[in-house]
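Enquirer: If you want the building blocks of each chain, they are given just below.
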Amino acid sequence: MSNPVMANIRQRSGKCRAETITMAHGSGGKAMRDLIDDVFVSAFDNEELNKLEDQARFDLSTLTAQGDRLALTTDSYVVDPLFFPGGDIGKLAVTGTVNDLAVGGAIPLYLTCGMIIEEGMQVKDLRRIAQSMRDTADQAGVKIVTGDTKVVPRGAADKLFINTAGVGVIPAGINISSKRAQPGDVVLINGYVGDHGAAIVDARGEMALQNTIETDCQPLNSIISAMLEACPDIHCMRDATRGGIATVLNEFAQGSNTCIRLNEKSIPLREEVRGMCEILGLDPLYLANEGKVVAIVAADAAEEVLAVMRSHPAGKNSAIIAEVFAAPKSTVILSTLFGGERIVDMLFGEQLPRIC
Amino acid sequence: MKYVDEFRDPDKAKLLITEIAAISKLLNVTPQKPLQLMEFCGGHTHTIFRYGIEQMLPDSIELVHGPGCPVCVLPMGRVDDCVALAERPNVIFTTFGDAMRVPGSKKSLLQAKADGADIRMVYSPLDCLDLARNNPDKEVIFFALGFETTMPSTALTVLQAESDSINNFSLFCNHITTVPTIKAILDSPDMQIDGFLAPGHVCMVVGERPFDFVAETYNKPLVVTGLEPLDILQSIWMLLKQIHENRNEVENQYARIVPAEGNAPGMDALSKVFELREFFEWRGLGSIDHSGVKMRKEYAQYDAEEKFSVPNLQIADPKSCQCGEVLKGVIRPWECKVFGTQCNPETPMGALMVSTEGACAAYYNFGNLDELLGKRAQKNSQLEVITHE
Numbered sequence: 016m017s018n019p020v021m022a023n024i025r026q027r028s029g030k031c032r033a034e035t036i037t038m039a040h041g042s043g044g045k046a047m048r049d050l051i052d053d054v055f056v057s058a059f060d061n062e063e064l065n066k067l068e069d070q071a072r073f074d075l076s077t078l079t080a081q082g083d084r085l086a087l088t089t090d091s092y093v094v095d096p097l098f099f100p101g102g103d104i105g106k107l108a109v110t111g112t113v114n115d116l117a118v119g120g121a122i123p124l125y126l127t128c129g130m131i132i133e134e135g136m137q138v139k140d141l142r143r144i145a146q147s148m149r150d151t152a153d154q155a156g157v158k159i160v161t162g163d164t165k166v167v168p169r170g171a172a173d174k175l176f177i178n179t180a181g182v183g184v185i186p187a188g189i190n191i192s193s194k195r196a197q198p199g200d201v202v203l204i205n206g207y208v209g210d211h212g213a214a215i216v217d218a219r220g221e222m223a224l225q226n227t228i229e230t231d232c233q234p235l236n237s238i239i240s241a242m243l244e245a246c247p248d249i250h251c252m253r254d255a256t257r258g259g260i261a262t263v264l265n266e267f268a269q270g271s272n273t274c275i276r277l278n279e280k281s282i283p284l285r286e287e288v289r290g291m292c293e294i295l296g297l298d299p300l301y302l303a304n305e306g307k308v309v310a311i312v313a314a315d316a317a318e319e320v321l322a323v324m325r326s327h328p329a330g331k332n333s334a335i336i337a338e339v340f341a342a343p344k345s346t347v348i349l350s351t352l353f354g355g356e357r358i359v360d361m362l363f364g365e366q367l368p369r370i371c
Numbered sequence: 017m018k019y020v021d022e023f024r025d026p027d028k029a030k031l032l033i034t035e036i037a038a039i040s041k042l043l044n045v046t047p048q049k050p051l052q053l054m055e056f057c058g059g060h061t062h063t064i065f066r067y068g069i070e071q072m073l074p075d076s077i078e079l080v081h082g083p084g085c086p087v088c089v090l091p092m093g094r095v096d097d098c099v100a101l102a103e104r105p106n107v108i109f110t111t112f113g114d115a116m117r118v119p120g121s122k123k124s125l126l127q128a129k130a131d132g133a134d135i136r137m138v139y140s141p142l143d144c145l146d147l148a149r150n151n152p153d154k155e156v157i158f159f160a161l162g163f164e165t166t167m168p169s170t171a172l173t174v175l176q177a178e179s180d181s182i183n184n185f186s187l188f189c190n191h192i193t194t195v196p197t198i199k200a201i202l203d204s205p206d207m208q209i210d211g212f213l214a215p216g217h218v219c220m221v222v223g224e225r226p227f228d229f230v231a232e233t234y235n236k237p238l239v240v241t242g243l244e245p246l247d248i249l250q251s252i253w254m255l256l257k258q259i260h261e262n263r264n265e266v267e268n269q270y271a272r273i274v275p276a277e278g279n280a281p282g283m284d285a286l287s288k289v290f291e292l293r294e295f296f297e298w299r300g301l302g303s304i305d306h307s308g309v310k311m312r313k314e315y316a317q318y319d320a321e322e323k324f325s326v327p328n329l330q331i332a333d334p335k336s337c338q339c340g341e342v343l344k345g346v347i348r349p350w351e352c353k354v355f356g357t358q359c360n361p362e363t364p365m366g367a368l369m370v371s372t373e374g375a376c377a378a379y380y381n382f383g384n385l386d387e388l389l390g391k392r393a394q395k396n397s398q399l400e401v402i403t404h405e
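One line per chain: the protein sequences are A and B, in this order. When we follow my numbering, the leftmost residue of the first sequence carries the number 16, and every step to the right adds one. When we follow my numbering, the leftmost residue of the second sequence carries the number 17, and every step to the right adds one.
Hints are computed from structural coordinates only; laboratory data are not their basis. Given the structure is predicted, the values throughout are model-derived calculations rather than measurements. Virtual Cβ for every residue (Gly too), placed ideally from N, Cα, C. Watch out, some of these pointers could steer you wrong.
As the list claims (entries may be wrong) - Below are the DSSO-like pairs computed for lysine-lysine, each with C-alpha atoms no more than 27 angstroms apart in a straight line:
hint, chain 1, residue 1, chain 2, residue 2
1, A, Lys-30, A, Lys-194
2, A, Lys-344, B, Lys-353
3, A, Lys-66, A, Lys-30
4, B, Lys-335, B, Lys-199
5, A, Lys-280, B, Lys-28
6, B, Lys-323, B, Lys-41
7, A, Lys-194, A, Lys-45
8, B, Lys-323, B, Lys-123
9, B, Lys-323, B, Lys-335
10, A, Lys-174, B, Lys-154
11, B, Lys-335, B, Lys-288
12, B, Lys-323, B, Lys-129
13, B, Lys-41, B, Lys-28
14, A, Lys-45, A, Lys-139
15, A, Lys-280, B, Lys-18
16, A, Lys-139, A, Lys-194
17, A, Lys-331, B, Lys-30
18, A, Lys-280, B, Lys-313
19, A, Lys-174, B, Lys-353
20, B, Lys-353, B, Lys-122
21, A, Lys-174, A, Lys-139
Unchecked claim - Some chain B residues close to chain A (C-beta under 8 angstroms, calculated; not the full set):
hint, residue
22, Ala-29
23, Leu-32
24, Gly-223
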């Protein structure tokens with residue numbers, strides 16, 4: 016007969032009492048099981064995940080009821096530092112993937128979560144990050160339904176890298192593509208540019224600047240769904256992350272073989288971010304964002320879409336920033352505040368490393 | 017933003033442009049034979065392109081973008097020396113970020129870092145002293161680079177290291193000076209420059225007087241110019257006014273920053289630590305006498321060239337590069353044989369494509385492409401005509 020006390024002890028799994036991650040937490044044994052149960056499953060907690068199969072399973076009919084195409088995307092997050100004003104790597108890992116789905120017109124539904132953890136990482140930091148992922152997933156209305164945990168020796172990674180993949184469904188009739196910008200169209204953005212890049216520079220503390228810039232990291236699926244409701248025929252849409260709005264606009268101009276004329280005066284830019292760019296010689300057009308959508312719509316739909324964006328919490332400072340012309344082809348031109356003009360090219364090299 | 021927006025006011029810019037256009041009509045210049053004004057400073061070049069100043073000027077005025085980007089004019093051999101120092105065991109090699117991508121004959125610092133060298137970007141040379149304190153078993157070598165603008169901060173860092181008895185810190189000194197270089201350009205037989213916008217931040221340190229020779233010996237007008245777009249327009253107007261009135265003088269547009277006699281504590285620090293080299297090699301311009309500085313013997317223990325052996329090889333610029341002719345205003349950047357094709361910002365061949373302050377990179381990134389492409393097409397069609405004949 017088994018000893019009931021011992022049986023009870025064996026069943027009482029799922030508590031991670033360690034303060035730091037050791038190689039044991041990636042070994043596939045009990046320590047890993049406990050870490051996953053206690054830190055990740057308990058935070059993400061949903062029906063699909065809790066089954067703890069090797070894969071999450073979905074009913075196809077509920078997916079097809081929402082649209083006629085699946086959207087699938089993946090992104091890895093290596094931001095340094097892990098915590099920064101207004102966000103952390105976990106929030107970023109959810110919003111980034113949600114936004115990559117949303118800008119294609121998809122309704123984001125499910126995410127995966129792959130964690131690569133450096134030996135020596137604090138468990139309390141992991142808990143905080145997992146909770147942040149859950150909170151952000153709730154905000155975006157998505158579930159984290161499957162995951163993977165690896166631990167690598169000290170020095171083989173820097174504290175924590177996260178990969179998330181996401182699945183969403185694109186409703187019928189939506190056709191968003193970087194090839195669809197047409198002369199006469201206008202370009203909209205949902206607020207201040209460059210906040211995320213500036214917040215990360217600030218958080219690293221290398222510059223000894225004192226200010227209060229927070230990341231703009233936020234899920235965009237809600238504002239995008241409002242925009243699509245107002246104008247189902249949005250031509251182009253992307254989130255302006257690494258490389259900033261300059262890169263996205265170049266992708267649109269090249270994809271659709273058009274010229275995008277950007278008006279510096281109309282680009283929403285915080286004074287603090289502008290100040291930091293002045294000091295460090297950075298160009299805010301290339302600074303990263305993590306909660307900014309750039310959309311191109313036909314001119315006659317622009318005012319209505321703009322009004323919808325401005326009435327949404329994620330778009331209070333939305334603005335029309337550019338217009339699409341036929342020539343010169345595949346080019347972005349900036350009309351400067353000073354009254355001159357210049358080309359805004361793709362960034363070569365990196366302006367700042369490891370911002371997302 | 018205070019102290020910034022005042023110098024970027026579009027209404028004032030319009031006024032200045034009108035004045036510049038009016039005065040240029042009084043001069044005997046045409047778009048075919050334009051007046052050529054050289055801005056020496058890479059910061060000026062950057063401002064000119066960033067704000068689109070060139071397109072605002074009348075066609076009869078042409079800006080020639082001088083050699084004032086210290087990253088651009090660094091010869092390949094010196095970059096090779098940097099890589100050799102950085103790849104030594106137990107060395108932390110520190111540099112300003114924009115020097116990372118400068119190509120050496122084999123690799124750039126960026127590639128050396130990828131290959132395992134401990135290379136770190138710093139924002140101030142003083143950061144190196146913290147690194148040295150925190151890594152007593154390593155030698156921290158700072159890649160000292162730039163004109164007189166950055167020399168005082170390097171010199172003060174050396175003096176600080178001395179007073180703090182930090183012995184695991186040294187400089188790889190590549191500081192260069194402006195005056196001999198402007199002189200070399202003025203002495204060049206194909207020189208066509210009609211006037212100079214002098215580098216405001218260099219003058220902030222050295223003052224106006226070192227540039228008197230431009231007016232007195234070479235009879236060219238010169239205006240010490242600030243770095244904001246209105247500074248540049250006002251200085252162009254001042255140069256045109258001098259030319260119109262047949263004056264060749266040194267004038268100071270940037271008096272809010274530049275005292276006529278320069279900055280005495282800064283000059284003291286740099287003359288204490290540095291002395292002129294006999295000559296220094298420039299990418300695109302060749303060797304120029306007394307155009308570089310090295311550390312004085314008294315500070316040899318902080319001189320990486322004394323402390324360690326560097327290969328010190330001379331590597332010739334690629335033959336197809338026409339950087340020298342662009343620098344002297346003989347040809348425009350887009351007229352170079354390799355502009356935008358073999359030589360582009362991703363894989364720069366010549367000096368001027370390396371940093372965003374280099375004239376060619378600035379044209380490539382910010383220039384009016386329509387105009388450039390038009391001119392390229394024109395040039396190609398002329399070439400075609402010749403071939404057909």
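Enquirer: Next step is simple, just say for each hint if it's right about the structure.
Expert: Cross-check of the supplied hints:
no. : hint                    : in the structure
1   : A:Lys-30 <-> A:Lys-194  : 51 angstroms, violated
2   : A:Lys-344 <-> B:Lys-353 : 24 angstroms, holds
3   : A:Lys-66 <-> A:Lys-30   : 18 angstroms, holds
4   : B:Lys-335 <-> B:Lys-199 : 25 angstroms, holds
5   : A:Lys-280 <-> B:Lys-28  : 16 angstroms, holds
6   : B:Lys-323 <-> B:Lys-41  : 59 angstroms, violated
7   : A:Lys-194 <-> A:Lys-45  : 51 angstroms, violated
8   : B:Lys-323 <-> B:Lys-123 : 23 angstroms, holds
9   : B:Lys-323 <-> B:Lys-335 : 34 angstroms, violated
10  : A:Lys-174 <-> B:Lys-154 : 25 angstroms, holds
11  : B:Lys-335 <-> B:Lys-288 : 39 angstroms, violated
12  : B:Lys-323 <-> B:Lys-129 : 22 angstroms, holds
13  : B:Lys-41 <-> B:Lys-28   : 20 angstroms, holds
14  : A:Lys-45 <-> A:Lys-139  : 19 angstroms, holds
15  : A:Lys-280 <-> B:Lys-18  : 17 angstroms, holds
16  : A:Lys-139 <-> A:Lys-194 : 46 angstroms, violated
17  : A:Lys-331 <-> B:Lys-30  : 34 angstroms, violated
18  : A:Lys-280 <-> B:Lys-313 : 54 angstroms, violated
19  : A:Lys-174 <-> B:Lys-353 : 49 angstroms, violated
20  : B:Lys-353 <-> B:Lys-122 : 23 angstroms, holds
21  : A:Lys-174 <-> A:Lys-139 : 13 angstroms, holds
22  : Ala-29                  : 5 angstroms, holds
23  : Leu-32                  : 10 angstroms, violated
24  : Gly-223                 : 25 angstroms, violated
Violated hints, in rising order: 1, 6, 7, 9, 11, 16, 17, 18, 19, 23 and 24; the structure is consistent with all others.
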